[in-house]
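Take the given structure of chain H and dock chain Y to it, following the hints.
First to last, the protein sequences are chains H and Y. Sequential numbering of the first sequence, starting at 1, is according to our numbering. Sequential numbering of the second sequence, starting at 1, is according to our numbering.
There may be inaccurate statements among the hints.
Not everything, but these chain Y residues come out facing chain H in the computed CB check (under 8 Å) [as the list claims (entries may be wrong)]: (1) Met15; (2) Lys40; (3) Lys41; (4) Pro42; (5) Glu67; (6) Leu90; (7) Leu104; (8) Gly107.
Keep in mind the hints are simulated off the structure, nothing from the lab. Here the structure is a predicted model, which means the values were calculated and not measured. Glycine included, every Cβ here is placed at the ideal spot set by N, Cα and C.
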Amino acid sequence: DQQVKQNSPSLSVQEGRISILNCDYTNSMFDYFLWYKKYPAEGPTFLISISSIKDKNEDGRFTVFLNKSAKHLSLHIVPSQPGDSAVYFCAASALGNKLVFGAGTILRVKS
Amino acid sequence: ETGVTQTPRHLVMGMTNKKSLKCEQHLGHNAMYWYKQSAKKPLELMFVYNFKEQTENNSVPSRFSPECPNSSHLFLHLHTLQPEDSALYLCASSQDKRGGTGELFFGEGSRLTVL
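Just chain H, same shape as in the assembly (with noise of 0.2 Å):
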């Protein structure tokens, strides 16, 4: 049973809007989430993170929500650009123990 989950395989935005990812957890247990992205034959790059002390962390044009009461994770990216264009995977840890990432979302911003 997946505890992180990404339920859009993929999204497709056009250029300057905003892009939105989502991530639904079922572990209460997970504190800390984060973001990957990985481009096509590269590794994962870590992106933002959030604590679940917070409900929104923000660096640039990336922030993060956190909605503990709904297990909901999403990132917001406005605006977004083709360089955008990658694989996102969400990723949660409970009281430091390992990652446990969800499946990805493939994004595509059209220019």
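Frame of chain H, contents of chain Y only:
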């Protein structure tokens, strides 16, 4: 020099072959990992090594055999694999501290095809 390097980048092998994947990290980290990425599936953690000691084995079949000779090098020995083992194998490292796992740094992956 990149932080985590993996070789080979691509490998094609028959089911009776023996091959190895190699990973080297230049970040001074104390933990190294093997992950498997299959199409449309989550990244699956296979093995974890902290200070060269294996601390986690996620029910991985014995046809996958890890080796960690030192904190900078990690190998994955492959023997009598099945076609369903074809996937991208990712190595990662982190600096683990008391109370938690540090951020993971991934290599570029080794794309394995089993015929």
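Going down the list of hints, with the structure as the test:
1. Met15: Status violated, d = 26 Å.
2. Lys40: OK, holds: lysine 40(Y) within 8 Å of chain H, min 6 Å.
3. Lys41: holds (6 Å)
4. Pro42: holds (5 Å)
5. Glu67: Violated - the Cβ of glutamate 67(Y) stays beyond 8 Å from chain H, reaching only about 20 Å at its closest.
6. Leu90: This hint holds: leucine 90(Y) lies near chain H, its Cβ roughly 6 Å from the closest one there, short of 8 Å.
7. Leu104: Nearest chain H Cβ about 6 Å off; hint holds.
8. Gly107: holds (5 Å)
Violated hints for the displayed structure, listed by number in ascending order: 1, 5.
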